[in-house]
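Asks: Sequence:
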Amino acid sequence: MSKRHLITSALPYANGPLHIGHIAGAYLPADIYTRYLRSKVGRENVLHVCGSDEHGAAISMKAIKENRTPKAIVDQFHTINKKAFQDFGIDFDIYHRTSSELHHKTAQEFFLNLYDKGVFKKVENEQMYDPEAKQFLADRFIVGTCPNCKSERAYGDQCESCGKTLSPAELINPHSALSGAQPELLKTWHFYLPMGDHSGWIEEFIRDGKLDGAFHHETKNWRNQVVGQCLSWVESGLGDRAMTRDLDWGVPVPIEGAEGKALYVWLDAPIGYISATKQWAIDQENPEAWKKWWQDSDSDLVHFIGKDNIVFHCIIFPIILKEHGGYNLPMNVPANEFLNLEGDKISTSRNHAVWLHEYLEDFPNRKDELRYVLTSIAPESKDSEFTWRDYQARVNNELVAILGNFVNRVVVLTNKYYNGLAPFSDTDWEITDHCLALISKSQENIAQYKFRDGLSEAMNLARFGNKFLADLEPWKLQKTNPDEVRKIMFSALNITAHLAKAIDPYMPEAANRIREMLGIDPIFNGFLDGHEIGTAKLLFAKVEDEDIDHQIQKLASAKSSTSSPESADRPFKPNMTFDEFQKMDLRIGTIKTAEKVKKADKLLQLSVDMGTEVRTIVSGIAQHFSPEDVIGKQVSVLCNLEPRKIRGIESQGMILMSEDNEGNLVFISPEKAFQSGAEIR
RNA sequence: UGCGGGGUGGAGCAGUUGGUAGCUCGUUGGGCUCAUAACCCAAAGGUCACUGGUUCGAGUCCAGUCCCCGCAACCA
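For the record, in the first sequence the residue sitting at position 558 is 557 according to numbering that gives the first Met the number 0, with numbers rising by one throughout.
Because the hints were derived from the structure by calculation, they are not lab data. Be careful, since some hints might not be right.
Unchecked claim - Under the rule of at most 30 angstroms between Cα atoms (straight-line distance), these lysine-lysine pairs were calculated in the DSSO-like manner: (1) K209 <-> K219; (2) K39 <-> K82; (3) K366 <-> K64; (4) K541 <-> K440; (5) K209 <-> K120; (6) K381 <-> K553; (7) K186 <-> K39; (8) K466 <-> K478.
Stated by the list, open to error - Simulated restraints on C-beta separations: (9) G342 <-> D427: 18 to 28 angstroms; (10) N364 <-> D520: 20 to 30 angstroms; (11) N124 <-> D548: 52 to 62 angstroms; (12) R462 <-> D520: 21 to 31 angstroms; (13) D211 <-> A469: 49 to 59 angstroms; (14) K541 <-> G342: 21 to 31 angstroms; (15) K291 <-> E360: 31 to 41 angstroms; (16) F362 <-> E384: 18 to 28 angstroms; (17) N112 <-> F362: 41 to 51 angstroms; (18) Q674 <-> K582: 54 to 64 angstroms; (19) G533 <-> N364: 16 to 26 angstroms.
The structure displayed is predicted, hence computed values, not measured ones. Beta carbons: idealized from backbone N, C-alpha and C, even for Gly.
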């Protein structure tokens, strides 16, 4: 009986659509791995689960900002993303969601199990509460004066001026970053996971691949960045981590007296893999079937994720699974690095992204082209980059010229010489063995999570085919030795059939089209005498310059257009009184000196001549202007802003700037040279 | 500055336990014409970021320096 394989793909967060970075990072490698395994050990022994992650403060905040309900937001993106995955052909057995009742129940059961075992520490503390927004505030959402250095810009978790770690209660004059209201200190309590208690076995698990002293997995197949990041966490000491939040959007903590508390989203989300499996089992009308995937020792668990998720999947979730007991721990967590786009990182807020659903619209019937390119450049060991020119080059020079062309020549020749009836001959074992060797090399690479290498081995089969034809030149021999040509074409057809198998996990549609042309099934045992093949159809079409130009333009205009989510919605602020306006002391100043502030990328320290005095002002413009650029410039200065220490330097005012949608900055300057200190009214 | 990852021919990347530096694309020359001006062959092109060290021998190990990316911080 075959081993079973349970594959999970990171649950996409349901607050936005999917882009190519998500696909290249987790879903495409997971899909390739799944397809490979299904062909190897049978469909019934492989399960691939995923779903929307729909909880957490970020969705809650987005809902408040957009004046919608959290449910409306997650419904919207769950639907969009589910459809995009389907259209792209990611082979999930189920795409579930964490807002479902089944998930809530599952997560609560999990929590209770650990709670009863005393795994959590209940810690009482006082936490800031925003009476206007009516919610507890995360530490980062509280601003106040640092008790240590008196900086007024300290956050609830840390003061950036002196670097001291703080708790919100220590802040002097704290206020909410949400509403600006004075937060109240209310008593609350939370359950914490003392991760430090587990660091011993976690370290052994990550470093040596051992669990409870016994062999668990091969560490050499784990990626550097995964092992490195986990060990660095362990070495710097695992702390206590709160597993509950004071939040009304999430899985309620199922304990009496815990009303208004929800499970921490990172506790709840990975359990989503389990509840997804349960839902799948229910859909199969075999509700207990999920257990064999999660609990049988002959089932392998693999998590596909991006690098931002590493510690949650390699440290926190394993602790939870092990403490619960009876669950398998991951055999591998092949986390990818990040994919950049046209020289810049992908950014949802700046709309610098290639959205999956838009690609599918703009390039209909070209899923495999994107799968090919994203696999070729997958950020397996370091960040990599997608450019549209590269996409075009890879499709035209590799997919079209090497793969598509080879298949086309074979099918065209067979039709031409034999009227579509495959010539029958003895199997050339040298050729066949070579094909099988390439296929197994390709598959070994997949098994070791080296998808780029595996794809390249599959492509080598097409290269081998082209060379085979060029070396033997059947089109020349046909006139003098047609018998020999029959042998050659029989082999060429066999190579093509093997090629379909080799590319199947990577490009399932192209593989199917090859099989259709050859008239064969996925399980192929050689051509029989009298086998009929179909007519030649092009596997891939060239990508034209204008398509690429269009995409590049689209990216450029997306960056500056108001369609970006950040800039689209910038309503005017409420009216104020003339008195309030008069409180502002705005004047013209002239920049005399400028220098970069040490240890801060973005800060310039300026001295500004205000006529009667010279002021020191620290401004966050270092990435846009060098000191030489700004010396001598006349600018608008807000003079009576409360002085503030930034990086230890007191800033005595604020330079007024304007910023466009691309993030470019300009000074607000007088239209001609003017007297320093002149008032602006 | 803290943590992690990385710096290899024009571009994108491999280089396992140290032993003549590889792959894909591009470039140049040639061949072929069955094929989506596709395919095949050949060539040019690298002091493996830098500096020291260990070694008979280092891209590969050790130390230091510089640079890039992500996270963190900063952006009054």
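Asks: Hint by hint, say whether it matches the structure.
Replies: How the hints compare with the structure:
1. K209 <-> K219: holds (13 angstroms)
2. K39 <-> K82: holds (28 angstroms)
3. K366 <-> K64: Not satisfied, since the Cα-Cα distance of roughly 36 angstroms exceeds 30 angstroms.
4. K541 <-> K440: Given that 30 angstroms is the threshold and the Cα spacing comes to 29 angstroms, the pair holds.
5. K209 <-> K120: Holds, at roughly 27 angstroms.
6. K381 <-> K553: Holds - the C-alpha atoms of K553 and K381 are around 27 angstroms apart, at most 30 angstroms.
7. K186 <-> K39: Violated - the C-alpha atoms of K39 and K186 are around 57 angstroms apart, more than 30 angstroms.
8. K466 <-> K478: holds (21 angstroms)
9. G342 <-> D427: 18 to 28 angstroms: Since the Cβ atoms of G342 and D427 sit about 48 angstroms apart, the hinted range of 18 to 28 angstroms is violated.
10. N364 <-> D520: 20 to 30 angstroms: With Cβ atoms ~23 angstroms apart, the hint holds.
11. N124 <-> D548: 52 to 62 angstroms: Given a distance of about 58 angstroms, which is inside 52 to 62 angstroms, the answer is holds.
12. R462 <-> D520: 21 to 31 angstroms: holds (26 angstroms)
13. D211 <-> A469: 49 to 59 angstroms: 57 angstroms Cβ-Cβ, so the 49 to 59 angstroms window holds.
14. K541 <-> G342: 21 to 31 angstroms: holds (25 angstroms)
15. K291 <-> E360: 31 to 41 angstroms: holds (40 angstroms)
16. F362 <-> E384: 18 to 28 angstroms: holds (19 angstroms)
17. N112 <-> F362: 41 to 51 angstroms: holds (47 angstroms)
18. Q674 <-> K582: 54 to 64 angstroms: Given range 54 to 64 angstroms: violated, Cβ gap about 23 angstroms.
19. G533 <-> N364: 16 to 26 angstroms: Cβ of G533 to Cβ of N364: about 18 angstroms, so the range 16 to 26 angstroms holds.
Violation of the numbered hints given earlier is confined to hints 3, 7, 9, 18; the remaining hints are satisfied by the structure.
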